[in-house]
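Protein chains: 2
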Amino acid sequence: MATELYDLTVPVFTRALKALSGLLDKAVAHAGEAGAEALLAKRLIEDMHPLSKQVQIACDSAKLCVARLSGAEAPVNEDTETTIAELKARIASTLAFIGSVPREAIDGQEDRDVVLKFSGGEMPFKGQAYVTGFAVPNFFFHVSMAYALLRQAGVPLGKRDFLGAPQ
Amino acid sequence: MATELYDLTVPVFTRALKALSGLLDKAVAHAGEAGAEALLAKRLIEDMHPLSKQVQIACDSAKLCVARLSGAEAPVNEDTETTIAELKARIASTLAFIGSVPREAIDGQEDRDVVLKFSGGEMPFKGQAYVTGFAVPNFFFHVSMAYALLRQAGVPLGKRDFLGAPQ
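Each protein sequence line maps, in turn, to chains G and X.
Using the working numbering, you'd call the opening residue of the first sequence number 886 and step up by one each time.
Using the working numbering, you'd call the opening residue of the second sequence number 886 and step up by one each time.
Relax, there's no trap hidden among the hints.
Any copy will do: because identical chains look the same in the list, a pair fits if it lies in one copy or spans two.
With a straight-line cut-off of 27 Å between C-alpha atoms, the simulated DSSO-like cross-links for lysine-lysine are:
| # | residue 1 | residue 2 |
| --- | --- | --- |
| 1 | Lys1044 | Lys1002 |
| 2 | Lys911 | Lys938 |
| 3 | Lys927 | Lys973 |
| 4 | Lys1011 | Lys1044 |
| 5 | Lys911 | Lys973 |
| 6 | Lys927 | Lys1044 |
| 7 | Lys973 | Lys1044 |
| 8 | Lys938 | Lys1002 |
| 9 | Lys973 | Lys938 |
| 10 | Lys903 | Lys973 |
| 11 | Lys927 | Lys903 |
| 12 | Lys1044 | Lys903 |
| 13 | Lys927 | Lys911 |
| 14 | Lys927 | Lys938 |
These are calculated hints, taken from the structure and not from any lab test.
Here chain G stands alone, though its shape is the one from the complex:
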C-alpha cells in the first residue's frame, strides 16, 4: 500500500496554500483591505520575519520542494509583494506551478539526492527524508506563523481555517 511521494507533497501543499490564501481573505474581511495590509509588517518579535515574508517563505517551501523532487525548473520570485492582492497572486502562482508538475515526475523520487545550500554549508538529503524531515515541517511552520500573526492581531480564525479543505 504505502503512500506515493506526490501524495505527500503536491496535494498537501495545495490544500494548505489555499487555506493560507483564505487566512488573508479573513484578514481583509475583519480589518478591511487597508487594515489587513497594515498587518503584513507585523512580527512576533523584532528579529522574526514579518507576515508578508512568512507567506513568501511558505510559497517558496512548497515551490522548491516540488522543483527539487521533480527536477522541474521553479519560477523565480523576487519577494516584492507588499499588498494582500500581491500575496494572494503569489500563492496562486505557486499553486499553478506545483499543480503543473505531473505525478510521474515526483513518484519514485524517494532516493533522489536533494542538497540544500545555506550560508553555513550544505544539508544533503534523500528525497523521502527531505519531505518528511524538512520540507513538510518547514512549510507548516511558516503557514502556522502566518496564522499566529493574524490570530494575535484579532482576525477571527479557527483550526479549520488552518487545515483547509481536502483536495
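Since the structure of chain G is already known, use the hints to place chain X on it.
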C-alpha cells in the same frame, strides 16, 4: 517505492517531540526554571491556548494518531502539568508510548476508518488522509505555536531547534 505509514508518523512525531522538549530546555537556559515556568501561561491572544496546553495538545496529537492507526490503547493524560519538568515528563511518556507501537501495527492501515468526534459532530477519514490532511498538520501547528510563544518571549530559538535532529 513509496512511504510506509509508520514512517509518516512515529519517526516524524518522535523527532518533533524531542525538539519540543529541547525548546523547553532552551526556555529554562534562557529564563531560569521559574522564569520558564512563568511562560507556561502565555498565550498569543487571550482566547488561544497557553503554552502549557499547546505542549499537551502536541503530545495528544501524536499519541492519538498512533493509537487510532494501530488500535493500541492510548495512555490517559489528565492535562494536569503545571511545570516545565512535568511537561517534559509528558513529552517523554508520549515518546515512550509511540515508541512502543510496532511498525507492523501501523503499516498497511492506509484504508483504516478513523472517525474523529467533536462537539459539532464527526469527521470520518481513511488512515492515509487522516495522517496527511489532519494529524501531521495539526501536530506541527501546535509545536509551532509553542515555538511562537517561546520565541516571542525572547527565548533564543532558530529553525533547527524546531526541526530537531533526524531519528
